[in-house]
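Visitor: Here's the letter readout for the chains.
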Amino acid sequence: MASTVFCSIVSAEEEIFSGEVEMVVASGTIGELGIMPGHTPLLTGVKPGPVRLILEGGEEEIFFASGGYLEVQPTSITILADTALRADDLDEAAALEAQKKAEQELSDQKADIDFARVAADLQEQAAMLRTIQKIRDKKQ
Amino acid sequence: MASAKELRKQIGSIKNTQKITSAMEMVAASKMRKAQDRMSRGRPYSDHIRSVIGHVANASPEYRHAFMKEREVKRVGYIVITTDKGLCGGLNVNLLKAVVNDLKKLSEDDIEYDLCLIGNKGAQFFRSYGGNVVAASSHVSEEPQITDLIGSIKVMLDAFENGEVDKICLANNVFVNTMTQKPTIRQLVPLDPSEEEEIQHRWDYIYEPDARQLIEGLVTRFIESQVYQGVVENVACEQAAKMIAMKSATDNAGDLIDELELVMNNARQAAITQELSEIVGGAAAV
Numbered sequence: 001m002a003s004t005v006f007c008s009i010v011s012a013e014e015e016i017f018s019g020e021v022e023m024v025v026a027s028g029t030i031g032e033l034g035i036m037p038g039h040t041p042l043l044t045g046v047k048p049g050p051v052r053l054i055l056e057g058g059e060e061e062i063f064f065a066s067g068g069y070l071e072v073q074p075t076s077i078t079i080l081a082d083t084a085l086r087a088d089d090l091d092e093a094a095a096l097e098a099q100k101k102a103e104q105e106l107s108d109q110k111a112d113i114d115f116a117r118v119a120a121d122l123q124e125q126a127a128m129l130r131t132i133q134k135i136r137d138k139k140q
Numbered sequence: 001m002a003s004a005k006e007l008r009k010q011i012g013s014i015k016n017t018q019k020i021t022s023a024m025e026m027v028a029a030s031k032m033r034k035a036q037d038r039m040s041r042g043r044p045y046s047d048h049i050r051s052v053i054g055h056v057a058n059a060s061p062e063y064r065h066a067f068m069k070e071r072e073v074k075r076v077g078y079i080v081i082t083t084d085k086g087l088c089g090g091l092n093v094n095l096l097k098a099v100v101n102d103l104k105k106l107s108e109d110d111i112e113y114d115l116c117l118i119g120n121k122g123a124q125f126f127r128s129y130g131g132n133v134v135a136a137s138s139h140v141s142e143e144p145q146i147t148d149l150i151g152s153i154k155v156m157l158d159a160f161e162n163g164e165v166d167k168i169c170l171a172n173n174v175f176v177n178t179m180t181q182k183p184t185i186r187q188l189v190p191l192d193p194s195e196e197e198e199i200q201h202r203w204d205y206i207y208e209p210d211a212r213q214l215i216e217g218l219v220t221r222f223i224e225s226q227v228y229q230g231v232v233e234n235v236a237c238e239q240a241a242k243m244i245a246m247k248s249a250t251d252n253a254g255d256l257i258d259e260l261e262l263v264m265n266n267a268r269q270a271a272i273t274q275e276l277s278e279i280v281g282g283a284a285a286v
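In order, the protein sequence lines correspond to chains A and B. For the first sequence, my numbering assigns the number 1 to the initial residue and increments by one for each residue that follows. For the second sequence, my numbering assigns the number 1 to the initial residue and increments by one for each residue that follows.
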C-alpha cells in the first residue's frame, strides 16, 4: 500500500498546502483524528485548532485552521478551511490580546454584544494559542 | 470640404477623448492586476469544494439532501453575474446572449424561468427583455464581500427548497486570459456528480457527526463560494475587457486623428494655392 497520500489544505483566501503526506492529524467536530493513507471515505467538520501534517520522511508541519470541512478519499485528503494559516505566521501576542478582549466582553454582562459571536471568537483564539503551544513543544 | 478651422476643432476634441480613454486603460490595467490576484487566490478553494461536492453527489448516502435529488424541471433559476458599468467591450453582451439562448430553448420546452441578477448591466438588459426577476443586487464593489451576495442567493435557494424552481444555474464570465473571457453557464443544484471513473461503484462516506448537518453546511458553503468566485472572476474579466476596449479606443482615436490631419493639411494647402493664384491673377489684371 502506498505510504503517502496527497493532501491539500485550502482556505477561502488561498491554497495553504498541497503535497504528499504520511499522516494528517486534525481536530474533527467530535474528536482528534489521525488519518493515514488508504483511509475509508470520511466527511467531517473541523474545529478550530492545529492541523498537523507528517510529511514524507517524518518531517512535521503545523497549520492552524479556524473551522471548515475535511474530506477523505482513498487517494486524497482535502481540508476546506474557513481560514487557515501556516502556524509560523501565528502571532502569539495578538492571539492573547484577542482572547483577553473576548473574555472581558463575555464577563461584561451589560455590554450589548452578540454572545454567540464572542464565544466563537474566544474558542478560536484559544485554539490558536494551543497551536502555538504545540509548535513550542516541538521546538524544545 | 470642411474648413481647416472646423477640422482643427474636431481633432482637438478627439485628442481629448483619446486622453480619457488612455487614462481609463491605465486605470483598468492596474485594477486588473489586483482583481486577478484576488481571483487566483480564491480559485483553489472553489475548485476543491467543487470536487468534494462532486464526490458527495457520487456517493450513495443514507441521507439525501434536497439539493441532491433530481426533479422534473418545470422552472429554472438563473443567477446571472454582469458588471455594474459599461465600456468593457462585448463582455456583458456575450454573456447575456448566451443566457438568452438558453432561455429561448427553455421557452420552447415550456419551461419557465426566474432570474437573480447581480450587477447593473444585467438588470438594465432584462428590464427591456422581460423575464421574472426575483432578486437583484448591484453596486457590488471591486472587492466583493460574501455578505453582500448572500441575500440574493438565499432567495434562489429558498425557492429551490420550497420546490418553486427545480434547477439553479450560474451564468458568469470565466477569466481565461487577458484577451479571452468565456461566458459560462453552469448548473449549481441539483449537484452535478463528478465523472471520475475510479469512484463509480457504490460507496458512502463515514459522516462525523451527522450526515444531514454536514451536507447541509457543505452545500451552502459550496454555493456561496461558487457565486463569490463568479463575482470575483467577473470583476477580473471586467477590468481585462475594459483595458482591451480602451486600448483599441485609444488606437482608433489615433488613426482618426491621423486621417483628419491629412484632410486638414490638404485643405490648408488648397487654401494657400487658391490665395496664391488669386494674387497672381490680380497682379496680371493690373
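These aren't lab readings, by the way, just hints derived from the structure by calculation. Heads up, a few of these hints could be off.
[Claimed, not checked] These stretches of chain A come out as covered by chain B in the derived footprint (C-beta under 8 Å, 3 or more residues):
id, stretch
1, 24-36
2, 39-52
3, 67-79
4, 119-131
[What the hints assert, rightly or not] Computed Cβ-Cβ distance ranges for the label pairs, DEER-style:
id, chain 1, residue 1, chain 2, residue 2, range
5, A, G34, B, R71, 38 to 44 Å
6, A, M36, B, G130, 54 to 60 Å
7, B, K69, A, A94, 42 to 48 Å
8, A, M36, B, D204, 19 to 25 Å
9, A, T4, B, R41, 23 to 29 Å
10, B, I146, A, E20, 29 to 35 Å
11, B, N177, A, E92, 39 to 45 Å
12, B, Q187, A, L129, 40 to 46 Å
13, B, D210, A, R86, 57 to 63 Å
14, B, H139, A, L129, 38 to 44 Å
15, B, G12, A, S18, 27 to 33 Å
By construction, the Cβ of each residue, glycine as well, lies at the ideal position given by its N, Cα and C atoms.
Visitor: Give a verdict on every hint.
Guide: Evaluated hints:
no.	hint	verdict
1	24-36	holds (count 3)
2	39-52	holds (count 6)
3	67-79	holds (count 5)
4	119-131	violated (count 0)
5	A:G34 with B:R71: 38 to 44 Å	holds (41 Å)
6	A:M36 with B:G130: 54 to 60 Å	holds (58 Å)
7	B:K69 with A:A94: 42 to 48 Å	holds (46 Å)
8	A:M36 with B:D204: 19 to 25 Å	holds (20 Å)
9	A:T4 with B:R41: 23 to 29 Å	holds (27 Å)
10	B:I146 with A:E20: 29 to 35 Å	holds (32 Å)
11	B:N177 with A:E92: 39 to 45 Å	holds (42 Å)
12	B:Q187 with A:L129: 40 to 46 Å	holds (43 Å)
13	B:D210 with A:R86: 57 to 63 Å	violated (31 Å)
14	B:H139 with A:L129: 38 to 44 Å	holds (40 Å)
15	B:G12 with A:S18: 27 to 33 Å	violated (57 Å)
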